[in-house]
Amino acid sequence: MTMREKIEEAASRYPDQRSAIMPALLIAQREHGHLPGPVLEEVADILGVERIWVYELATFYTLFHTEPVGIFHLQLCDNVSCMLCRSEDLLRHLEEVLGIKKGGTTPDGLFTLSTVECLGACEMAPVMQVGDDYHGDLDIARIDALLDRLRATVRQATGADLVAPGPPGE
Amino acid sequence: MFEPVLLKNLDVPDGHLLATYEAGGGYRALAKALREHTPDEIIDLVKKSNLRGRGGAGFPTGMKWSFVPKRTGKPKYLCCNADEGEPGTFKDRIIMERDPHQLIEGMAISAYAIGAETAYVYIRGEYTLAIARLEQAIAEAHAKGYLGTRILGSDFSFVVHIHCGAGAYICGEETAMLDSLEGKRAQPRLKPPFPAVEGLYASPTVINNVETLACVPHIVVRGADWFRGIGPDKSPGPKLYCLSGQVRKPGLYELPMGIPLRELVCDYAGGPLPGRKLKAVIPGGVSAPLIPERGLDVGMDFDSLAAAGSMLGSAGVIVIDDSTCIVKVATRIIEFFHHESCGKCTPCREGLNWVVKVLRRVEAGQGAPGDLEQLAELCKGIFGNTFCALGDGAAMGLRAALAHFEDEFVAHIEERRCLFH
Chain A
301 MTMREKIEEA ASRYPDQRSA IMPALLIAQR EHGHLPGPVL EEVADILGVE RIWVYELATF
361 YTLFHTEPVG IFHLQLCDNV SCMLCRSEDL LRHLEEVLGI KKGGTTPDGL FTLSTVECLG
421 ACEMAPVMQV GDDYHGDLDI ARIDALLDRL RATVRQATGA DLVAPGPPGE
Chain B
8 MFEPVLLKNL DVPDGHLLAT YEAGGGYRAL AKALREHTPD EIIDLVKKSN LRGRGGAGFP
68 TGMKWSFVPK RTGKPKYLCC NADEGEPGTF KDRIIMERDP HQLIEGMAIS AYAIGAETAY
128 VYIRGEYTLA IARLEQAIAE AHAKGYLGTR ILGSDFSFVV HIHCGAGAYI CGEETAMLDS
188 LEGKRAQPRL KPPFPAVEGL YASPTVINNV ETLACVPHIV VRGADWFRGI GPDKSPGPKL
248 YCLSGQVRKP GLYELPMGIP LRELVCDYAG GPLPGRKLKA VIPGGVSAPL IPERGLDVGM
308 DFDSLAAAGS MLGSAGVIVI DDSTCIVKVA TRIIEFFHHE SCGKCTPCRE GLNWVVKVLR
368 RVEAGQGAPG DLEQLAELCK GIFGNTFCAL GDGAAMGLRA ALAHFEDEFV AHIEERRCLF
428 H
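Protein chains in written order, with the working numbering: chain A, 301 to 470; chain B, 8 to 428.
Keep in mind that the hints were calculated from the coordinates and are not lab data.
Note that the Cβ used here is the ideal one computed from N, Cα and C, for glycine as well.
Check before you lean on any hint, since a few could be wrong.
Said to hold, decoys possible - Some residues of chain B that are not near chain A, with every Cβ distance over 10 Å (derived):
hint, residue
1, Asp18
2, Leu24
3, Glu29
4, Leu136
5, Gly155
6, Gly190
7, Gly277
8, Gly282
9, Lys387
10, His411
To be verified - Using 25 Å as the maximum straight-line C-alpha spacing, the simulated DSS-like pairs for lysine-lysine come out as follows:
hint, chain 1, residue 1, chain 2, residue 2
11, B, Lys198, B, Lys54
12, B, Lys198, B, Lys77
13, B, Lys387, B, Lys364
14, A, Lys401, B, Lys191
15, B, Lys15, B, Lys39
16, B, Lys55, B, Lys15
17, B, Lys151, B, Lys15
18, B, Lys54, B, Lys39
19, B, Lys335, A, Lys401
20, B, Lys335, A, Lys402
21, A, Lys402, B, Lys54
22, B, Lys256, B, Lys335
23, A, Lys306, B, Lys191
What the hints assert, rightly or not - In silico contact screen, one side only, chain B against chain A (beta carbon under 7 Å); selected entries:
hint, residue
24, Pro94
25, Phe97
26, Gly132
27, Arg192
28, Ser251
29, Pro257
30, Arg339
31, Phe343
32, Ala375
Whenever a hint applies, use it, and build me the whole structure from the sequences.
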């Protein structure tokens, strides 16, 4: 299905097209990786809604990215339960091994590192979401193994270490 | 030994599939409801069971349903609040991942009771596995005639749609959720009108939490008296408790409502980590005021915790041991509320900004004399003066931390450092 078809299908679930903006943005973000202005306008045009309505939502909800993010978005929870299980140590370690600060993206475009509010998986704290997957009961060794696995996925897919031509946004 | 009801399929292989659910007696409650009861009888049954909302507020579910007007000429909606964002809470995720049909059956019976033909499950976007499992379960239920038109040969037709959230804690507040469903920024509405009269698309709407809806099939099959026989009469039923933090066996526990908090933490969850002592417990997600160790003999139900100055909330039980600085915990909690404040009303938006600034400097050992008085003053300016409970939760939590652990705040200011780091 094209992006337009997916959005139109989502819109059929609501009596009001405006309700479909959120699902449409999630579909568009899966398609494009992030939501730059032209994509927001395309979503507005497909749904036939005011562009400002689409901009309002894209800038309100934290899962929407109007700026590019790395291929793997490391989202480490640092809310109370994870904090009590030493998520700070993991953040420091990730910043060290990736050579970036929280909020940054590695120069090869592979990893973006963020801290996020509670992921709702406190039974496996400290926990981190990468793409669709949750990784729990983390410690430094498990973080290292996870980063290795993620790098290997890209190597397998592309046959090269680096995949992005340059830092995102260029 | 308490026999699990809501989590009985937790460890059953393929518990998320329709065949497994049916083999365990699934969808018999829906068949019974449609065949033997009128919608009003179902509402009465749930009223008699004393089921109270599991999302946090503890409002009587049957009474909420009875507020829906009978004849308005408008469609009615059921919304399932699956936007589980209260830090320390993960029960709804596990129900949806492991036993999604239990929720669907609960929704179908509830929709029948209130006369809704459409439901939206507002589920947080991070919960990708729960979303996938629920989507699959909805498709299975449709194929088997448990959803769709003229369900099981009755006159009742009902469809369920999933609506994914996109990362905003405030969507757990029911009127903010409705605005979000309508495609707006999630900001709470002024009440009245209440959603039961004017909710989604200005139509009568009932919003219930996942766990609340999951209780409904069991009440239909086993009866209101069975439900009321579990735990305190005014706050009864099986209850899911989410244990996390500095505790030996974090996880999801199903036990009767009203179980003593100490028993839950020390006996079921194994108590504090080796060599540590319990210091405090947050009993119901970070909106619930913390309880110091000496207060842990309180019952885990709506009324007992309210009487003890806290609340059951989402039953997200966060255990804090003696290696942890309460100022740090309080600061992190307020940072969360500040980040999630929707910005609609001034006391919450501006007040929490001030509270964060003061707390951060106290925690960093740069606090000034008078800071604690200022925090108390700010709490007074926020509490009771906001559109929704977000600001209240923040103020109540901070007040409890200040009341029970004042010495730690004072030490940060006087010694100009944290004694724990």
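Here is how each hint holds up against the structure:
No Cβ of chain A approaches the Cβ of B/Asp18 within 10 Å, the least distance being about 14 Å, so the stated non-interface status holds. Every beta carbon of chain A lies more than 10 Å from that of B/Leu24, the smallest distance being close to 21 Å; the non-interface claim holds. With a closest Cβ-Cβ approach of about 26 Å to chain A, B/Glu29 is found to remain outside the 10 Å limit, as its non-interface label requires. Its beta-carbon lying about 8 Å from the closest one in chain A, B/Leu136 breaks the requirement of being farther than 10 Å from that chain.
With 10 Å as the threshold on Cβ separation, the claim that B/Gly155 sits away from chain A holds: the shortest Cβ distance comes to roughly 14 Å. Remark: the non-interface label on B/Gly190 conflicts with the geometry, its nearest Cβ contact in chain A lying 3 Å away (cut-off 10 Å). The Cβ of B/Gly277 lies farther than 10 Å from every Cβ of chain A, with a closest approach of about 13 Å, so its non-interface assignment holds. With a least CB separation of 15 Å from chain A, B/Gly282 remains clear of the 10 Å interface cut-off, as annotated.
Against the 10 Å criterion, B/Lys387 stays outside the reach of chain A, whose nearest CB is about 24 Å from its own CB. Every beta carbon of chain A lies more than 10 Å from that of B/His411, the smallest distance being close to 16 Å; the non-interface claim holds. Distance check on the hinted pair: B/Lys198 and B/Lys54 sit about 24 Å apart at the alpha-carbon level, within 25 Å; holds. Annotation: proposed proximity of B/Lys198 to B/Lys77 holds, straight-line Cα distance about 21 Å (limit 25 Å).
For the hint pairing B/Lys387 with B/Lys364, the CA-to-CA distance comes to about 17 Å; that is within 25 Å, so the pair holds. Distance check on the hinted pair: A/Lys401 and B/Lys191 sit about 33 Å apart at the alpha-carbon level, beyond 25 Å; violated. Simply put, B/Lys15 and B/Lys39 have alpha-carbon atoms about 21 Å apart, close enough for the 25 Å limit, and the pair holds. The suggested pairing of B/Lys55 with B/Lys15 holds, with an alpha-carbon distance near 24 Å, which does not exceed 25 Å.
Our distance criterion of 25 Å between C-alpha atoms is met by B/Lys151 and B/Lys15, whose separation comes to about 23 Å. Among the hinted pairs, B/Lys54 with B/Lys39 is consistent with the structure: their alpha-carbon atoms are about 18 Å apart, no more than 25 Å. Taking the CA atoms of B/Lys335 and A/Lys401, the gap is near 22 Å; set against the 25 Å cutoff, the hint holds. Pair hint B/Lys335 plus A/Lys402 holds up; C-alpha atoms about 20 Å apart against a cutoff of 25 Å.
For a cut-off of 25 Å, the pair hint linking A/Lys402 to B/Lys54 is broken: about 50 Å separates their Cα positions. Our distance criterion of 25 Å between C-alpha atoms is met by B/Lys256 and B/Lys335, whose separation comes to about 23 Å. With a CA separation close to 21 Å, the supplied pair A/Lys306 and B/Lys191 stays within the 25 Å bound. Given hint, B/Pro94 at the interface with chain A, holds; its Cβ is 4 Å from that chain's nearest Cβ, closer than 7 Å.
The criterion of a C-beta within 7 Å of any C-beta in chain A is met by B/Phe97, whose closest approach is roughly 5 Å, and the hint holds. The beta carbon of B/Gly132 comes within 5 Å of a beta carbon in chain A, closer than 7 Å, and the hint placing it at the interface holds. For the restraint placing B/Arg192 at the interface with chain A, the shortest Cβ-Cβ distance is roughly 5 Å, inside the 7 Å limit, so the hint holds. The beta carbon of B/Ser251 comes within 3 Å of a beta carbon in chain A, closer than 7 Å, and the hint placing it at the interface holds.
For B/Pro257, the shortest C-beta to C-beta distance to chain A is roughly 5 Å, which falls under 7 Å, so the interface hint holds. Annotation: B/Arg339 was flagged as interfacial toward chain A, and the flag holds, the nearest CB pair being 6 Å apart, inside 7 Å. Among the interface hints, the one on B/Phe343 holds; its C-beta lies about 6 Å from the nearest C-beta in chain A, closer than the 7 Å criterion. Interface hint at B/Ala375: violated, since its Cβ lies 26 Å from the closest Cβ of chain A, which is beyond the 7 Å cut-off.
Of the numbered hints stated above, those contradicted by the structure are hints 4, 6, 14, 21 and 32, listed in ascending order.
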